[in-house]
Amino acid sequence: KQEVTQIPAALSVPEGENLVLNCSFTDSAIYNLQWFRQDPGKGLTSLLLIQSSQREQTSGRLNASLDKSSGRSTLYIAASQPGDSATYLCAVKGKAAGNKLTFGGGTRVLVKP
Amino acid sequence: DTAVSQTPKYLVTQMGNDKSIKCEQNLGHDTMYWYKQDSKKFLKIMFSYNNKELIINETVPNRFSPKSPDKAHLNLHINSLELGDSAVYFCASSLRDRVTPLHFGNGTRLTVT
Chain A
4 KQEVTQIPAA
14 LSVPEGENLV
24 LNCSFTDSAI
34 YNLQWFRQDP
44 GKGLTSLLLI
54 QSSQREQTSG
64 RLNASLDKSS
74 GRSTLYIAAS
84 QPGDSATYLC
94 AVKGKAAGNK
104 LTFGGGTRVL
114 VKP
Chain B
870 DTAVSQTPKY
880 LVTQMGNDKS
890 IKCEQNLGHD
900 TMYWYKQDSK
910 KFLKIMFSYN
920 NKELIINETV
930 PNRFSPKSPD
940 KAHLNLHINS
950 LELGDSAVYF
960 CASSLRDRVT
970 PLHFGNGTRL
980 TVT
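Just so you know, the sequences run in chain order A and B.
For what it's worth, this note's numbering labels the leading residue of the first sequence as 4, then goes sequentially.
For what it's worth, this note's numbering labels the leading residue of the second sequence as 870, then goes sequentially.
None of these hints come from the bench; they were simulated from the model.
It cannot be assumed that every hint is accurate.
Below, computed lysine-lysine pairings styled on DSSO-like, alpha-carbon distance capped at 27 angstroms [what the hints assert, rightly or not]: (1) Lys910(B) to Lys98(A); (2) Lys103(A) to Lys910(B); (3) Lys115(A) to Lys936(B); (4) Lys910(B) to Lys71(A); (5) Lys905(B) to Lys45(A); (6) Lys936(B) to Lys905(B).
Just so you have them, the derived chain B footprint on chain A, three or more residues with Cβ under 8 angstroms [claimed, not checked]: (7) 14-23; (8) 58-67.
Since we're looking at a predicted model, the values are computed, not measured.
The C-beta atom is built at its ideal place from N, Cα and C for all residues, glycine as well.
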């Protein structure tokens, strides 16, 4: 059974510092890994999707890496801004029945001005 | 606007009642999902439909019954509501491929009193 873990559960940094968010998963038989952002009272917004054959994806200040063999992904957010404050979730799409997406518990980020 | 939209946004009801949540997507996706987010913010998949066919049915009480009249709609009906059903329910959609990110609705906050 796939399990996805995100550590730390919460993170607070001053504005301008780079953010490093970690995600680990137990079953490497995946199709892709996705990073999402969730703002309070809102749904999830997709940030990046990394296919299992890829090592990283970049979008603006965001960069996500994937090491499938070790079951790890890292989301880097450069030069953090107060608007980056949100909960960040990672999810893996497994090759098991139904190709379902399994989510981690999220990292709650606060960027202080 | 292209989006996943679900109604209602808030639902407050008493134990024992029956209620429905509706979801519609206009993204042209062929797969739709219901997720439950509990008070600890863990997201768990409940159901998934592909072209009106049920493909994922997690361990969910049979008081929960999804209905998909067409591939753009996936509704969730809940019978005999219990206190433990209080949560935020998210609808999501995607294509049944390995490269399309999941798109989420803004959630329905269900409170059972």
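Now the hints, each set against the structure:
1. Lys910(B) to Lys98(A): Holds - the C-alpha atoms of Lys98(A) and Lys910(B) are around 25 angstroms apart, at most 27 angstroms.
2. Lys103(A) to Lys910(B): holds, 18 angstroms
3. Lys115(A) to Lys936(B): Cα-Cα ~44 angstroms, so violated.
4. Lys910(B) to Lys71(A): holds, 26 angstroms
5. Lys905(B) to Lys45(A): Holds. Lys905(B) to Lys45(A) sits at ~14 angstroms (cutoff 27 angstroms).
6. Lys936(B) to Lys905(B): holds, 16 angstroms
7. 14-23: violated (count 0)
8. 58-67: Violated, because only 0 residues of the segment 58-67 of chain A bring their Cβ atoms closer than 8 angstroms to Cβ atoms of chain B.
Hint compliance for this structure: hints 3, 7, 8 are broken, all remaining hints hold.
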